[in-house]
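> One-letter residues, chain by chain:
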Amino acid sequence: MRKSITFYGLTLSLPMLVWQVLFFLAPLIFLVALSFWTVQNFRMVPDLNPDNWTRMLGRGVFWQAYFRTFLLSTSAAIVISVLAFPCAYAVAFKLSETARRWAIFLMVIPFFTSYLVRVYSWQIFLSDNGIINALLAKVGLGPFGMLNSVFGVMVGYATLSLPLVVLLQLFSLIFVDRTLIEAAHNLRCGRLRTVFEVVIPAAKVGLVIAALFCFILTFGDFVSPLYLGGGDPPTLSILITDTTKSGQQWPRAAVIALTMIATLLAVAFATVSFAYRERGR
Amino acid sequence: MTIKEMLPGLRTRRDILKGASVLGGAALATPFLSRLAFAEPVELTMLAWYGHAEPDMVAEFEAENNVKFKPKYYTGGDNMLGLIAQSPPGTFDLILSDAEYVQQLNAAGYIEKMDPADYPFDDFFPEFQHFPGHWVGNDLYSVITRFGFLGVAFNTEAINEKEASTYNVYWDQKLKGKVGHFDWHLPNLGQISLLNGNASPYDTDAAAWQALQDKTMTLRPQIGGFFDYGGTFSSLQNGQMLAMAGIGDWITGTLERNGAKVRSVIPEEGGLQFTESFSIGKGTTKGDLAKKWIQYITSPKGQVKSANMVAYPCLIPNEKGWKLLAEETPAEAKRQGMLLDQSNNAMELIRKGRIKYRQLPVQQSLEDWNDFWSEYKAA
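In order, the protein sequences belong to chains A and C. What the first sequence shows, in my numbering, is residues 1 to 281, in sequence order. What the second sequence shows, in my numbering, is residues 1001 to 1379, in sequence order.
Everything labelled a hint here was simulated from the structure, so no lab data went into it. Each residue gets a CB set at the ideal place from its N, CA and C atoms; glycine is no exception. Among the clues, some could well be false.
What the hints assert, rightly or not - Selected chain A positions facing chain C (in silico; Cβ < 8 Å):
#, residue
1, Val61
2, Ser121
3, Pro143
4, Val150
5, Thr179
6, Ala183
7, Asn186
8, Leu226
9, Tyr227
10, Lys245
Unchecked claim - Pair ranges (Cβ atoms, derived):
#, chain 1, residue 1, chain 2, residue 2, range
11, A, Val117, C, Thr1075, 18 to 28 Å
12, A, Leu106, C, Asn1065, 31 to 41 Å
13, A, Arg43, C, Thr1075, 36 to 46 Å
14, A, Leu48, C, Asp1203, 33 to 43 Å
15, C, Ala1107, A, Val79, 50 to 60 Å
16, A, Asn41, C, Glu1127, 55 to 65 Å
17, A, Phe30, C, Ala1379, 49 to 59 Å
18, A, Asn41, C, Ala1039, 34 to 44 Å
19, A, Leu83, C, Thr1218, 47 to 57 Å
20, A, Leu106, C, Ser1365, 51 to 61 Å
21, A, Gly60, C, Ser1365, 14 to 24 Å
Generate the whole structure from the sequences, applying the supplied hints.
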């Protein structure tokens, strides 16, 4: 049956469409065009030159940074999701209604402070002479090199995305049908098995989307790799700034940015289709 | 007894009229007075490194000339050129630039020709009266306002000054993972070029360039991070990095003034010199005011402010400025090596040939250096 477009339907959907065209599609088209421009005397000149693509995609440095960034973000999505789950589970199933509201409020609070400030403050904790190593020294341990390392980057990524992942997981777990859990228990299913066989599959969409958000946020993050990872070795976001800093190569930076966007779109589509895939299909 | 005698404070009609006319005149003049007192300040745009248009530098000039500076700060010469290239002519009245970029500013037509007679070159040390790159023949395009040296920056509790007196200290095993880079290829590769014995560190033939790359790559296992301006400060401050390549007193001086255990030395292989100078932006409508600022900041009084700038200290090229600095802030003059009777003061280091100008690569393109730096970082 052919659906006709109603006036009210159009009115409701048009702002979203206009928004997408203005703030996503148009800049994306401009970014694609920019990637073919050339730079002469630090000035960008409109062109149709494919050199930026061949040059950037032909460089080992680019692919090293690409796979490193992908690996870091995938690891962050897995580790942070695993860390977040017990917290989200406890809030969803173990707390009273009032306590849950307070827990949600507390998880929103970190967003009140600038992410950059939170990351900078981590330096005080993680440095060799920082608070954590000072405490460890009291029991004869350390010092451990936490700052300017992958561990530092992961701490930063958790600062950025852990509260959001917990919240997304939580909203998914809250809506899990309690009767399914009761049925599992009645059928003598153990607590742990119930979590893996009933709760997680029932909340799969939310859990996967939470991990996806973690991947998206960390894949483009510049702050943690630079200030907690010491920029060593560089991620794609750092490579973008390096490319623009020297010689004002915005067109080459556009190539990196477009590759990142393409990756994020591919990962998002794959993840969403995985999330909504039904069992056994 | 008359009424006047009874009430001595009472005024005559003439007195009252006199007072009223004075008050009326004052009331009528008030709009003109207040207009003068609260006239909208003239906005002067400045493209510069951070700190140059902060209150410690500009407040006095702003008050004296009814000016309000509107700064646009950049981080690096390429960034500066990019900002100008993407702005309409006349956007920036004043442009602060490192020496190696002045020629590019001039070649691109971004700066005005200046009249040397307007500036106090006679008060400058001879080395700075005709500074390379600022002049094209006898035409002046930029006036040097401050400069600094880049050497080995180190944590004084981790290594001593003798150990830090060679770039080889970066390879010291006790500094493994504790050597940082200020993330810009020019000063870092320039330092290793000096270590490799290149008399002109930026003018290297193919063999010397290859040797420079090879030597730099051997340093990679020692490196704990690549830092921007803020990261460089914090990693030295919190002791995370014990030595830092590519910087000098412009960073450690600020930290040292605040009690951090860091310092910079010029190693035996020599140091690099950066230079900051002011140009007048092409197409400005406030050229006279821009000129007045440059005259102010290159005067002895302005030079003392420049040497003590809160954001980062620097050396100054005006000899009279050195004398005034010695009177006003003798400790800082001594710390930076700007006392005329001090042995091995900044000018002596230059005159002994221990300092080379930081410049753009001569025989390779900037892109070659940048590409290598990216590979080095990713290694």
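> None of the hints should be skipped; say for each whether it holds.
Status of the hints after comparison with the structure:
| no. | hint | verdict |
| --- | --- | --- |
| 1 | Val61 | holds, 5 Å |
| 2 | Ser121 | violated, 11 Å |
| 3 | Pro143 | violated, 11 Å |
| 4 | Val150 | violated, 13 Å |
| 5 | Thr179 | violated, 54 Å |
| 6 | Ala183 | violated, 54 Å |
| 7 | Asn186 | violated, 57 Å |
| 8 | Leu226 | holds, 7 Å |
| 9 | Tyr227 | holds, 6 Å |
| 10 | Lys245 | holds, 6 Å |
| 11 | Val117/A - Thr1075/C: 18 to 28 Å | holds, 20 Å |
| 12 | Leu106/A - Asn1065/C: 31 to 41 Å | violated, 53 Å |
| 13 | Arg43/A - Thr1075/C: 36 to 46 Å | violated, 19 Å |
| 14 | Leu48/A - Asp1203/C: 33 to 43 Å | holds, 37 Å |
| 15 | Ala1107/C - Val79/A: 50 to 60 Å | holds, 52 Å |
| 16 | Asn41/A - Glu1127/C: 55 to 65 Å | violated, 30 Å |
| 17 | Phe30/A - Ala1379/C: 49 to 59 Å | violated, 34 Å |
| 18 | Asn41/A - Ala1039/C: 34 to 44 Å | holds, 40 Å |
| 19 | Leu83/A - Thr1218/C: 47 to 57 Å | violated, 39 Å |
| 20 | Leu106/A - Ser1365/C: 51 to 61 Å | holds, 54 Å |
| 21 | Gly60/A - Ser1365/C: 14 to 24 Å | holds, 20 Å |
Going down the numbered hints, you'll see the structure goes against 2, 3, 4, 5, 6, 7, 12, 13, 16, 17, 19, while the others check out.
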